[in-house]
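J.: In order, the protein sequence lines correspond to chains A and B.
In short: position in the first sequence from 1, add 178, done, that's the numbering used here.
In short: position in the second sequence from 1, add 59, done, that's the numbering used here.
FYI, nobody ran anything at the bench for these hints, they're computed from the structure.
Everything numeric in this text was worked out from a predicted model, so none of it was measured.
There may be inaccurate statements among the hints.
What the hints assert, rightly or not - Quick list of the computed label-pair ranges, beta carbon to beta carbon:
#1 A:Gly199 to B:Ile161: 35 to 43 Å
#2 B:Val132 to A:Ala222: 33 to 41 Å
#3 A:Arg293 to B:Thr157: 26 to 34 Å
#4 A:Arg224 to B:Val177: 36 to 44 Å
#5 A:Asp309 to B:Val177: 27 to 35 Å
#6 B:Val132 to A:Asp221: 37 to 45 Å
Claimed, not checked - Examples of chain B residues lying across from chain A (beta carbon under 10 Å, computed):
#7 Asn61
#8 Met80
#9 Trp93
#10 Tyr112
#11 Val143
#12 Thr157
#13 Gly176
#14 Ala189
As the list claims (entries may be wrong) - Computed from the model, here is a short list of chain B residues facing chain A with C-beta under 8 Å:
#15 Ser85
#16 Ile91
#17 Asn94
#18 Glu95
#19 Thr96
#20 Pro145
#21 Gly149
#22 Ala159
#23 Ile161
We put the beta carbon where it would ideally sit given N, CA and C, even for glycine.
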Amino acid sequence: MPLNPDFIGKTYPDTPPYAIGREKLREFATAIGDSSPVFHDLDAARALGYSDLPAPPTFAFALTMKAMAAAMFDPELGLNYALVVHGEQTFEYQRPLQAGDEVVVKSFIADIGSRGRNEFLVSQADVVTLDGELVVTNRSVIVSRGTAA
Amino acid sequence: MNVGDVIASSSVKVERINLVMYAGASGDFNPIHWNETVATQVGLPDVIAHGMYTQAQLGRLLVEWLGDPGRIVSFSVRFSAPVVVPQDGGARLELQATVAAIDGDMITVALSATCDGVEVVKDAVATVRAA
């Protein structure tokens, strides 16, 4: 079933505030097999000027994906989650996210289209602190396999 | 440092347990990343790794080289082929980072990831501060 093009440009409400925790970041670093001291050892992080542990560069996606879940599970969009694969992913950083940050995600659907039998959905999500500081911009292309009209 | 220099490389074994851990840590519980029944029902050869797991491995390569994630300005990947992770034996990712351009204190790093000789990412690139 094709995706609903009416969703192009749709913005989503800010996510509830997410408090980034030190142990969550350690868990994430461990899950990706990253033993770099800066992701585990407070002294190593502080020596680089961080006030707490910084996040690995792809951690932001764990936050932005939740923001996009509202869209992905909206029946009006017509996305079949099982047919979805991740097509492209871009991050632009003002600085790393770090433990102690409390952030919201502001997201919108930038584009919906098709290439051959596959459809794609482009979303942008900004990770912003409660003080309004933009930290990471996330742009994702997800592919809906075989659903083009 | 010169354009064309290989600055980091790594060979990473990927097993089902790694995908389960990544699912838990990231919150991405799409069953195609851990349930082969679902994966094959939707036309995949077997369970596949999260694209973000592959990008995370490239991020790890970058941070191991840089020492500080704060030097990464941007980081982009296009996923060009799935990383198929069988229950027995898993998969192996071969990763490499190469200097693609140097512009003042900004370095463009070209990244590659292959699995069984197939490029699983294309146009993978990071811009990093030289120091």
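J.: Which numbered hints are broken by the structure, listed smallest first?
T.: Numbers 2, 5, 6, 7, 9, 11, 12, 13, 14, 17, 18, 19, 20, 21, 22, 23, in rising order.
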